[in-house]
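S.K.: Given next are the chains, with one letter for each unit.
2 protein chains.
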Amino acid sequence: MLKTRLLPAASNAYQYPLLVKSLLLSGARYEKSREIVYRDLVRYNYATFNERVARLANVLTEAGVQAGDTVAVMDWDSHRYLEAMFAIPMIGAVLHTINIRLSPEQILYTMNHAEDRFVLVNSEFVPLYQGIAGQLTTVQKTLLLTDGADKSCALPDCIGEYETLMAAASPRYAFPDFDENSVATTFYTTGTTGNPKGVYFTHRQLVLHTLAMASTIASLDSIRLMGNSDVYMPITPMFHVHAWGTPYVATMLGIKQVYPGRYDPELLVELWRREKVTFSHCVPTILQMVMNAKAAQGLDFNGWKIIIGGSALTRSLYEAAQARGIQLTAAYGMSETCPLISCAYLNEELKAGSEDERTTYRIKAGVPVPLVDAAIMDEHGQLLPADGESQGELVLRSPWLTQGYFREPQKGEELWAGGWMHTGDVATLDGMGFIDIRDRIKDVIKTGGEWLSSLELEDLISRHPAVREVAVVGVPDPQWGERPFALLVLFEGQQLDAKGLKEHLKPFVEQGHINKWAIPSQIAVVTEVPKTSVGKLDKKRIRVDIARWQESGSEFLSAL
Amino acid sequence: MLKTRLLPAASNAYQYPLLVKSLLLSGARYEKSREIVYRDLVRYNYATFNERVARLANVLTEAGVQAGDTVAVMDWDSHRYLEAMFAIPMIGAVLHTINIRLSPEQILYTMNHAEDRFVLVNSEFVPLYQGIAGQLTTVQKTLLLTDGADKSCALPDCIGEYETLMAAASPRYAFPDFDENSVATTFYTTGTTGNPKGVYFTHRQLVLHTLAMASTIASLDSIRLMGNSDVYMPITPMFHVHAWGTPYVATMLGIKQVYPGRYDPELLVELWRREKVTFSHCVPTILQMVMNAKAAQGLDFNGWKIIIGGSALTRSLYEAAQARGIQLTAAYGMSETCPLISCAYLNEELKAGSEDERTTYRIKAGVPVPLVDAAIMDEHGQLLPADGESQGELVLRSPWLTQGYFREPQKGEELWAGGWMHTGDVATLDGMGFIDIRDRIKDVIKTGGEWLSSLELEDLISRHPAVREVAVVGVPDPQWGERPFALLVLFEGQQLDAKGLKEHLKPFVEQGHINKWAIPSQIAVVTEVPKTSVGKLDKKRIRVDIARWQESGSEFLSAL
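Protein chains in written order, with full-length UniProt numbering: chain A, 1 to 560; chain B, 1 to 560.
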């Protein structure tokens with residue numbers, strides 16, 4: 001380490017730790033009359049919000065929650081969740097956002113693994129909770145969250161109902177200072193193999209992520225994604241990477257926030273219209289559902305700015321959204337990265353390009369946001385050139401990456417092999433800094449001695465007018481090693497078989513975009529593509545389904 | 001300290017320090033074709049800028065500069081200064097930005113006190129440097145900065161001329177990681193009593209300040225002060241609080257930057273016009289000079305967004321600027337605060353007010369930016385209520401405040417008495433969070449048993465149509481303790497005496513804004529008001545001048 005001039009130790013007394021509570025200074029304190037809205041059920045202003053954060057801190061403290069304890073939440077996206085995102089870390093406890101789309105067995109596993117001491121449970125999940133309660137090893141007390149009139153709690157060890165307790169609690173709390181490297185939040189990634197793994201983020205990390213995200217989305221490009229006058233509604237769940245960290249940004253800026261509970265597309269459209277939402281974030285499949293909602297038919301979404309992430313953004317979806325008035329901005333991140341890593345916006349050179357070229361860049365993963373180092377690494381741990389050609393694993397450095405997996409030191413070391421965080425994504429990095437994700441390492445199809453990106457093939461197939469959704473996976477093939485297999489959902493009344501798809505892909509082979517092995521020899525037309533709990537294509541399950549169909553024969557299949 | 005769950009020590013290996021070099025990731029790397037401009041002399045793009053930062057690091061390293069050394073710069077605002085703001089901290093050294101408006105004796109004092117090892121000197125300051133060189137105790141080497149054709153260096157221990165050395169140096173440098181609490185910059189405040197005091201800022205502080213400032217100025221209000229497409233030109237000097245930290249923000253966002261050298265108003269207007277500047281920051285007196293410049297006559301400054309700080313913004317200047325198309329945003333800070341503390345923007349309630357009410361808030365010091373705690377403290381160290389009425393000293397907490405004064409532990413302890421940083425400003429804080437600076441503690445006029453704000457009186461006097469500039473100070477008075485004395489500069493061809501001023505102020509007495517003791521019994525009309533090296537009213541010198549005039553009698557004086 002260099003011998004720089006360090007601060008004198010005595011002056012450390014005046015160091016100011018980066019704590020989640022500091023995000024409540026500024027906007028959230030100043031814009032007192034701005035609203036926080038939960039469906040058509042709750043509406044209050046930031047003055048009330050600040051008081052409610054203090055009330056919740058008092059409820060938890062009086063119930064015996066101590067600094068260092070883990071407090072779990074099982075809820076749909078709500079004002080209550082937002083309150084928990086502040087109050088729980090602010091008393092020095094750890095917020096565990098339970099992934100409610102996991103199976104009961106997986107939820108049980110994560111709760112025991114995270115050592116949850118205290119759980120806030122939405123009334124809709126009471127039966128689920130009752131089913132696993134007997135096997136929970138660390139939970140001491142529970143608390144009921146409900147939208148209904150019935151406030152009686154059927155949970156074991158229940159201290160009462162949220163609103164009843166909140167009403168009785170003091171609206172003042174002297175939130176303490178503590179070490180900024182204290183863990184603030186944890187949640188479990190939905191790995192495709194093995195048990196879910198717990199990632200965790202500290203106060204320092206959340207504050208830095210919030211500042212960098214605010215700097216980025218407020219300043220980039222010709223549009224301002226989120227400024228002081230915007231209205232924010234998340235459409236990625238709060239249990240998943242804190243709704244991409246955006247509620248922290250919205251609160252720091254003091255802007256109106258709208259929480260939709262469950263992601264019913266009709267309700268989302270209705271809330272967008274009624275609350276004049278201008279800024280959201282979601283995954284491609286949900287955006288598709290929103291645009292296809294009955295309430296959305298004939299509607300002009302002009303002025304809606306949406307960050308798209310979670311899966312690759314296809315050109316066809318980008319253009320479809322644009323035609324409906326929605327301005328999409330692609331972004332990249334994952335559970336391990338808090339999550340924001342990069343954002344697709346155009347620099348001076350790209351702005352001067354044709355609309356087609358501009359779109360090509362607008363649907364990539366984007367350029368790293370401030371304080372993010374990105375590089376491409378080969379399988380021997382060597383960094384590859386940023387030439388737009390060299391493919392390798394995308395690796396990262398940044399102040400807000402998970403420092404490991406909770407109680408899984410071995411997996412943590414693999415994640416950080418060589419001092420870089422390994423994303424598991426195959427990517428290229430070009431001279432401008434643009435990250436282009438080619439595929440998940442495990443989803444790359446090895447065919448005819450070459451690597452074929454399943455994402456690239458999905459993009460080309462999605463351009464066929466009959467195709468509504470597509471998933472491509474590699475299936476074992478004795479001759480080629482693997483061959484691509486395409487699972488399709490078609491628009492109503494449309495038809496497509498393997499031969500039709502081949503015709504569609506031929507021009508791309510002729511133009512050199514893909515080679516001829518990339519044409520799927522077998523496809524299946526289904527009514528729905530399996531998704532993970534966070535709405536991504538579930539390629540693990542798709543492979544299992546295909547293997548079963550291929551064994552047993554199936555009406556879904558169409559071969560060349 | 002609470003027992004929170006801390007990160008396991010092993011995982012600290014993956015901590016990512018907050019270093020100035022990380023500000024060069026993102027915008028500065030991505031917007032390669034954006035320009036950095038120095039007057040009409042130099043123009044290059046960010047690709048070149050990144051290389052030049054590495055070249056300068058190599059020049060310094062080859063000259064023997066080591067981590068922990070202090071490297072001083074004596075230059076006007078230039079691209080070279082910007083390069084130094086990055087390269088010097090990035091090699092682990094400390095950048096001392098020398099206040100070139102101080103007297104040679106004061107410059108000598110600060111250079112010896114800061115223990116400068118290496119000095120970059122603009123050719124214009126070579127005679128000054130030669131005059132003090134014999135008394136410099138720590139300097140080992142010098143380097144010449146010049147805009148001229150003559151590259152020969154007349155400085156003692158000179159290693160050569162900047163561009164010549166840069167051209168020969170490698171454009172690559174592996175900038176190291178080190179502790180984020182390493183000091184990155186230092187400079188001296190122009191105290192009104194005693195020797196200048198050295199404040200210092202760490203890498204962590206500069207990075208956090210940059211992120212918070214970017215978040216604020218990009219997101220606040222209905223206007224975006226600085227977004228990706230803006231063009232930035234500083235009009236407060238780079239030696240003074242790093243030009244308010246804004247070059248770091250501009251570089252992180254990758255926007256075009258224009259450096260004007262000396263602050264000649266005609267040149268500033270010409271650069272504004274030619275380079276299409278949209279964003280600047282300056283003190284009120286300089287703005288007045290720019291608007292009064294010959295080149296500005298009849299010019300519509302529409303689209304120019306300017307942050308005003310350093311001194312109070314008067315209503316008349318705000319309105320005059322608005323009439324010329326300039327959108328002013330008041331901000332507050334000082335040398336000790338890096339500097340941004342607060343920014344005046346309107347929340348929902350204020351936006352609904354009349355134009356007059358809106359202006360009342362737009363000219364205040366504003367609301368604290370994210371991560372800043374502000375409070376009002378009485379002389380016994382007790383915090384006072386934020387009621388808009390209680391006056392006391394404004395005290396602060398934030399991650400980017402100087403942790404003391406270099407080699408002045410006693411003064412540092414006074415600065416941080418009670419764990420808050422003392423600003424020396426008398427202020428009120430209202431229920432919305434708005435800071436209203438009433439005066440410097442030492443400039444408050446104690447008259448007739450009450451405190452009179454010299455700033456408030458200056459504001460009222462400045463509304464007289466004949467008054468171009470005004471400074472009010474308290475002068476000793478046997479009967480009243482102190483009485484206000486007004487120093488005036490009038491517009492050409494205008495006249496005003498003490499009686500005329502009394503007539504102007506009478507209505508404010510009748511409306512209860514001020515009491516009758518506030519009316520100056522004596523004024524002086526002068527051609528220029530003394531200013532400090534950073535363009536603020538020099539009330540210390542004004543008091544000396546007045547005392548001299550009062551002793552000797554003077555044609556300037558006019559009494560009631």
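Keep in mind that a hint or two might mislead.
[Claimed, not checked] Lysine-lysine pairs mimicking DSBU-like chemistry, simulated, CA-CA at most 35 Å apart:
{"#": "1", "chain 1": "B", "residue 1": "411", "chain 2": "A", "residue 2": "305"}
{"#": "2", "chain 1": "A", "residue 1": "442", "chain 2": "A", "residue 2": "411"}
{"#": "3", "chain 1": "A", "residue 1": "32", "chain 2": "B", "residue 2": "411"}
{"#": "4", "chain 1": "B", "residue 1": "536", "chain 2": "B", "residue 2": "411"}
[Claimed, not checked] For the chain B half of the interface with chain A, some residues (derived, Cβ under 10 Å), not all of them:
{"#": "5", "residue": "4"}
{"#": "6", "residue": "174"}
{"#": "7", "residue": "320"}
{"#": "8", "residue": "323"}
{"#": "9", "residue": "410"}
{"#": "10", "residue": "557"}
{"#": "11", "residue": "559"}
{"#": "12", "residue": "560"}
[Stated by the list, open to error] A short list of chain A residues far from chain B (calculated; beta carbon distances all over 10 Å):
{"#": "13", "residue": "30"}
{"#": "14", "residue": "103"}
{"#": "15", "residue": "158"}
{"#": "16", "residue": "202"}
{"#": "17", "residue": "265"}
{"#": "18", "residue": "356"}
{"#": "19", "residue": "373"}
{"#": "20", "residue": "385"}
{"#": "21", "residue": "411"}
{"#": "22", "residue": "433"}
{"#": "23", "residue": "466"}
{"#": "24", "residue": "481"}
{"#": "25", "residue": "551"}
{"#": "26", "residue": "557"}
Worth flagging that the hints you see were computed from the coordinates, not collected in a lab.
Even glycine gets a Cβ: it sits at the ideal position worked out from N, Cα and C.
S.K.: Would you mind marking each hint as holding or not holding in the structure?
M.R.: Hint check results:
Using a Cα cut-off of 35 Å, the hinted pair residue 411(B) and residue 305(A) is violated, with the two alpha carbons roughly 51 Å apart. For a cut-off of 35 Å, the pair hint linking residue 442(A) to residue 411(A) stands: about 17 Å separates their Cα positions. With a CA separation close to 38 Å, the supplied pair residue 32(A) and residue 411(B) exceeds the 35 Å bound. The suggested pairing of residue 536(B) with residue 411(B) holds, with an alpha-carbon distance near 23 Å, which does not exceed 35 Å.
Proximity of residue 4(B) to chain A holds as hinted, the smallest CB-CB distance being about 3 Å (cut-off 10 Å). With a least beta-carbon distance of about 12 Å to chain A, the hint placing residue 174(B) at the interface is violated under the 10 Å criterion. Nearest Cβ of chain A to the Cβ of residue 320(B): about 26 Å, over the 10 Å cut. The hint is violated. Nearest Cβ of chain A to the Cβ of residue 323(B): about 25 Å, over the 10 Å cut. The hint is violated.
A least Cβ separation of about 12 Å between residue 410(B) and chain A goes past the 10 Å threshold, and the interface hint is therefore violated. Against a cut-off of 10 Å between C-beta atoms, the interface hint on residue 557(B) is violated, since the closest Cβ of chain A lies about 46 Å away. Hint status for residue 559(B) relative to chain A: violated, with the closest Cβ pair at about 46 Å, above 10 Å. Restraint check, residue 560(B) versus chain A: the minimum CB separation of about 44 Å is more than 10 Å; hint violated.
The beta carbon of residue 30(A) is not kept farther than 10 Å from every beta carbon of chain B, the shortest such distance being approximately 5 Å. Residue 103(A), annotated as away from the interface, keeps every beta carbon of chain B farther than 10 Å; the closest lies near 27 Å. At roughly 25 Å from the closest C-beta of chain B, the C-beta of residue 158(A) stays outside 10 Å, upholding its exclusion from the interface. For residue 202(A), the requirement that its beta carbon stay farther than 10 Å from each beta carbon of chain B is not met, with the minimum near 6 Å.
Every C-beta of chain B lies more than 10 Å from that of residue 265(A), the closest at about 29 Å, which supports listing it as non-interface. Every C-beta of chain B lies more than 10 Å from that of residue 356(A), the closest at about 21 Å, which supports listing it as non-interface. A beta-carbon of chain B is positioned within 10 Å of the beta-carbon of residue 373(A); the least distance is around 6 Å. In this structure residue 385(A) is separated from chain B by more than 10 Å, as the shortest Cβ-Cβ distance comes to about 14 Å.
No Cβ of chain B comes within 10 Å of the Cβ of residue 411(A); the nearest lies about 12 Å off, and the non-interface call holds. The beta carbon of residue 433(A) sits about 5 Å from the closest Cβ of chain B, which is not more than 10 Å, so the claim that it is off the interface is violated. For residue 466(A), the non-interface assignment is confirmed: its Cβ lies about 38 Å from the closest Cβ of chain B, beyond the 10 Å cut-off. Here residue 481(A) stays apart from chain B, with its beta-carbon at least about 36 Å from theirs, past the 10 Å limit.
With a least beta-carbon separation of about 44 Å from chain B, residue 551(A) lies farther than 10 Å from that chain, consistent with its non-interface assignment. Residue 557(A), annotated as away from the interface, keeps every beta carbon of chain B farther than 10 Å; the closest lies near 46 Å.
Violated hints for the displayed structure, listed by number in ascending order: 1, 3, 6, 7, 8, 9, 10, 11, 12, 13, 16, 19, 22.
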